[in-house]
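The listed protein sequences correspond, in order, to chains B and C.
Under this note's numbering, residues 1 to 260 are what the first sequence spells out, in order.
Under this note's numbering, residues 1 to 260 are what the second sequence spells out, in order.
Bear in mind the hints are in silico, worked out from the structure with no lab data behind them.
Honestly, I wouldn't trust all of these hints.
Which copy is meant is left open, so a pair is good if it fits within one copy or across any two.
Claimed, not checked - Computed list of lysine-lysine pairs in DSBU-like fashion (alpha-carbon distance at most 35 Å, straight line): (1) K230 x K100; (2) K67 x K100; (3) K118 x K187; (4) K144 x K254; (5) K230 x K254; (6) K143 x K254; (7) K230 x K143; (8) K187 x K67; (9) K143 x K84; (10) K84 x K100; (11) K84 x K254; (12) K84 x K118; (13) K123 x K187; (14) K118 x K230; (15) K123 x K80; (16) K80 x K254; (17) K187 x K254; (18) K123 x K254; (19) K230 x K144; (20) K144 x K67; (21) K187 x K80; (22) K187 x K84; (23) K230 x K84; (24) K230 x K67; (25) K230 x K80.
Protein chains: 2
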Amino acid sequence: MRIALIGAGNLATNLGAALLEAGEQVCQVYSRTLQSAERLADTLGCEATDRIEQIVTDATLYIVALKDAVLPSLLPLLVKGREKAVWVHTAGSIPLDIWKETSAVQYGVFYPMQTFSKMRRVKFCHIPVFLEASDAALLERLKKMAACLSDSVYVADSEQRRFLHLSAVFACNFTNALYGMSEHLLKQHGIPFEVMLPLIDETAQKVHFLSPVEAQTGPAIRYDRNVMDKQLALLEDEPDLRQVYELLSDYIHKTSAIGG
Amino acid sequence: MRIALIGAGNLATNLGAALLEAGEQVCQVYSRTLQSAERLADTLGCEATDRIEQIVTDATLYIVALKDAVLPSLLPLLVKGREKAVWVHTAGSIPLDIWKETSAVQYGVFYPMQTFSKMRRVKFCHIPVFLEASDAALLERLKKMAACLSDSVYVADSEQRRFLHLSAVFACNFTNALYGMSEHLLKQHGIPFEVMLPLIDETAQKVHFLSPVEAQTGPAIRYDRNVMDKQLALLEDEPDLRQVYELLSDYIHKTSAIGG
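Chain B extracted, bound-state conformation:
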């Protein structure tokens, strides 16, 4: 396969590296900023461009990894003149049907559900990838390609994928925000965030074996008002954290398996 990467952000960077490792050939990187395109293209040993009209027309697969908001306006321009290829986007929240607004004939979705930062390479093989395609034959081709990159390949329709993305925001993005709040509180009392890592790891490991409801611990599940009120008092000067504390404690109490 001759693959063009449309995008040079966190996901494109990690995906490009994984493709290279799997022995695939990335022939070009496009980004709206030439510098980003060149930075990624350099690591992949291919050419870079920031101009849509310079995107190769002979790739067999175009993988679009751009910010969701630009897809509706950009996809038709990208596909035009490149209709023979397979087109996939990588966005959890964008339905398959977005391709119907373009002249693409064979199209799909390749959604790797993971948190990507340029500063950290992830092992792509552990990332669940969710696929959707314009027809059954293409779905099989995408499955084969995805299986070269990941051990966990699933088929999910656009509705399921929207909820996958939403669930991932809770389990990953919001979880990381809580880590940030924890770090903020520790810093203010001269305690390094590192002391929290064993607890963070165990909290994640635990839900491999117990459901989150079974795994729940802490003052809110015991509804230990004594501790909760004292902790709220410690957050007197932190109105945001106070609100988070109240909201999440209420939720834990409400959804408690123990009840009452």
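Given chain B, work out where chain C should sit, using these hints.
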């Protein structure tokens, strides 16, 4: 050392097992319900009681692992007639000074910061333990004992420990509540929670190498209103989750390292 365990809950269960493994002798388990005391005592090969007056008087160390709320009223009764021993409690949010309301002479705090469930044994050696003691000599003795159980032993005063506990509630208890919300959303769309585990693991692993602020990803950090509004619309029938979504997205946006 001849150790008596006062309490038979999640922490006492895990601590008892760790003590046994470290070659320490637990001579008795007390719990307010005999059944709980017996269950733990059986695994430790010692006797059980649910009556304070039957608690042994010749232990050298009493470890109190009870619900915070009962400590003020129960500690004086427990210590009475057992003043020669060392007394420690295990509660993050209870200050050292609580012992001043008792007749204890040598007392301290042994706070293992971890999430304990009876259904899951944890490796105690990886758990950070925070110590405080009534005098320097006792602190050294507690350090030695703690070092047999854990690789990470710290000294923390009561004020620091209160904030450790509070930070742990954010990084562990509230994080687990988010896992629960994620599971709830997935279930409703026929998707097994297992697909989320690689993302949960990577989110936890990432903050070993990047600070939470650096590690943040997702629609809120990009302030992608398009995705955020669509996701809020998916939560139309979930007022609790909607509130959590709005509050945490705002926080991520506000504390963003990238800015505006």
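Violated constraints from the hint list, given by number and in increasing order | 4, 6, 11, 16, 21 and 22
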